[in-house]
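Could you build all of it, start to finish, from the sequences and the hints given here?
Residue numbering for the sequence shown is 1 to 130, as defined by the working numbering.
Since the hints were derived computationally from the structure, they do not count as laboratory data.
Careful: at least some of the hints might be erroneous.
Pair by pair, the computed Cβ-Cβ distance ranges are [as the list claims (entries may be wrong)]: (1) Ala127 <-> Ser64: 18 to 28 Å; (2) Ala66 <-> Ala129: 38 to 48 Å; (3) Arg86 <-> Pro37: 11 to 21 Å; (4) Gly114 <-> Leu87: 20 to 30 Å.
Ideal Cβ positions, reconstructed from N, Cα and C, are used throughout, including at glycine.
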Amino acid sequence: MPRFLRFFPAIAMLTMMPLAHAAESESAGETPLRMEPFRIPVVDGGRVVARLDLIVALAPDPKSHAPIVEPVLRAAIFAACVEFARLNVSSGLPVNVVALSRSIDEAVRDAGGGGVRPLILEVRTRAIAS
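Next comes the structure, spelled out in C-alpha cells:
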C-alpha cells in the first residue's frame, strides 16, 4: 500500500474540523462571510507545478462591533497563503491545514482584523500539467 494512503483518515479529520466549527458558529447566531475562492500558484524550481485552492469564511466576533474590511483582509490572507505555498506546499503531498490556519490567523490579526475569525472551509491542491 502506498505511504500516502495512511494520511487519508487524518486529512478527513482536519477538513471536517473547520466545517464543524463553522456550523457551530452559525448556530450561535453569527453569520460567517464566505469569501471568493483563493487560487494560489505553487512554484517549484522556477516553474508553476500546482495550484492551491482555498475557500475561507470570516466569522465576526460577537463581542466586537468593528466592521469587516474584506479587501484588506483578503489581501492579507492572499499574501499569507502565497508565502505558505512557497515554503510548505508540494503537488504530491497533503496540505498541513493546521499550519495554514495559523498563518492565516496571524495575517488577519496583523491586518487589524481582531474582531474576525477566519475559518478554512476547503483546501485542495491541483497539479498543473507541464
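Hints, one by one, checked against the model:
no. : hint                         : verdict
1   : Ala127 <-> Ser64: 18 to 28 Å : violated (40 Å)
2   : Ala66 <-> Ala129: 38 to 48 Å : holds (44 Å)
3   : Arg86 <-> Pro37: 11 to 21 Å  : holds (19 Å)
4   : Gly114 <-> Leu87: 20 to 30 Å : holds (26 Å)
Checked against the numbered hints given earlier, the structure breaks only hint 1 and satisfies all the rest.
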